[in-house]
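These protein sequence lines map, in sequence, to chains A and B. Read in order, the letters of the first sequence correspond to residues 366 to 478 in the numbering used here. Read in order, the letters of the second sequence correspond to residues 251 to 361 in the numbering used here.
Some hints here could point you the wrong way.
Using 20 Å as the maximum straight-line C-alpha spacing, the simulated EDC-like pairs for lysine to aspartate or glutamate come out as follows [unchecked claim]:
(1) Lys419/A / Asp395/A
(2) Lys292/B / Asp389/A
(3) Lys466/A / Asp328/B
(4) Lys466/A / Glu295/B
(5) Lys406/A / Glu255/B
So the derived label-pair ranges between C-beta atoms look like this [as the list claims (entries may be wrong)]:
(6) Asn427/A / Val279/B: 22 to 28 Å
(7) Glu265/B / Gly437/A: 26 to 32 Å
(8) Gln382/A / Pro361/B: 43 to 49 Å
(9) Pro260/B / Lys419/A: 36 to 42 Å
(10) Thr435/A / Gly259/B: 37 to 43 Å
(11) Lys252/B / Glu422/A: 18 to 24 Å
(12) Gln281/B / Arg387/A: 31 to 37 Å
Hints were generated in silico from the structure; no laboratory data involved. In this text, a Cβ means the ideal position worked out from N, Cα and C, and glycines have one as well.
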Amino acid sequence: EAGVTQFPSHSVIEKGQTVTLRCDPISGHDNLYWYRRVMGKEIKFLLHFVKESKQDESGMPNNRFLAERTGGTYSTLKVQPAELEDSGVYFCASSRYLNEKLFFGSGTQLSVL
Amino acid sequence: QKEVEQNSGPLSVPEGAIASLNCTYSDRVSQSFFWYRQYSGKSPELIMSIYSNGDKEDGRFTAQLNKASQYVSLLIRDSQPSDSATYLCAALNNAGNMLTFGGGTRLMVKP
Chain A
366 EAGVTQFPSH SVIEKGQTVT LRCDPISGHD NLYWYRRVMG KEIKFLLHFV KESKQDESGM
426 PNNRFLAERT GGTYSTLKVQ PAELEDSGVY FCASSRYLNE KLFFGSGTQL SVL
Chain B
251 QKEVEQNSGP LSVPEGAIAS LNCTYSDRVS QSFFWYRQYS GKSPELIMSI YSNGDKEDGR
311 FTAQLNKASQ YVSLLIRDSQ PSDSATYLCA ALNNAGNMLT FGGGTRLMVK P
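The following block holds chain A by itself, in its conformation from the complex (with noise of 0.2 Å):
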């Protein structure tokens, strides 16, 4: 079975411009989550999805971060325009059910110069 995986692994893009990143959740996980680790701190929730829908973005920091999930598959990140503040890394994790073990992708690595 695969895992969570997420493209691309690392992203270097300069303030100003966007960038989508991808999660790909396992399949069947209904429940999909995006969580980011700026440097120096903990690993904060973004949001949640179930399918299609999203359950609860409370963790989004701001109107320049959007989420989607069309068809309730994969998942994409966009950013724009994205700000130095936004470099770190983003996990994407999954679930088939709530309470349920995450499994979590490698991460993106984003850097913005």
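Using the hints provided, position chain B relative to the given structure of chain A.
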């Protein structure tokens, strides 16, 4: 005050010793707690979950939860160099959809 706190380490133990990792949390509502292991540049991997007061053992790992003291710990017996990693403590909210992570403790097991 951070919601989930861990000593960043590094915690250095000799091979074969017991490594003791600690975590405190501030939200009394949290009922479920998790320990993740993360190797450098890799994804966090769940190694233990605990929901009730007391101890839970799985192989060389023992998780301990004390809700009155709002304290979670992870013991690793017979530590191996391959256990060297960052260990993340996390609390799950009541809705069951959001993990709050501590900053992680870096463990180094020296041969």
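How the hints compare with the structure:
1. Lys419/A / Asp395/A: holds, 11 Å
2. Lys292/B / Asp389/A: holds, 16 Å
3. Lys466/A / Asp328/B: violated, 26 Å
4. Lys466/A / Glu295/B: holds, 10 Å
5. Lys406/A / Glu255/B: Holds. Lys406/A to Glu255/B sits at ~11 Å (cutoff 20 Å).
6. Asn427/A / Val279/B: 22 to 28 Å: Hint holds: Cβ distance 27 Å, inside 22 to 28 Å.
7. Glu265/B / Gly437/A: 26 to 32 Å: violated, 47 Å
8. Gln382/A / Pro361/B: 43 to 49 Å: holds, 45 Å
9. Pro260/B / Lys419/A: 36 to 42 Å: holds, 38 Å
10. Thr435/A / Gly259/B: 37 to 43 Å: Holds, since Thr435/A and Gly259/B (Cβ atoms, about 42 Å apart) stay within the stated range.
11. Lys252/B / Glu422/A: 18 to 24 Å: holds, 22 Å
12. Gln281/B / Arg387/A: 31 to 37 Å: holds, 33 Å
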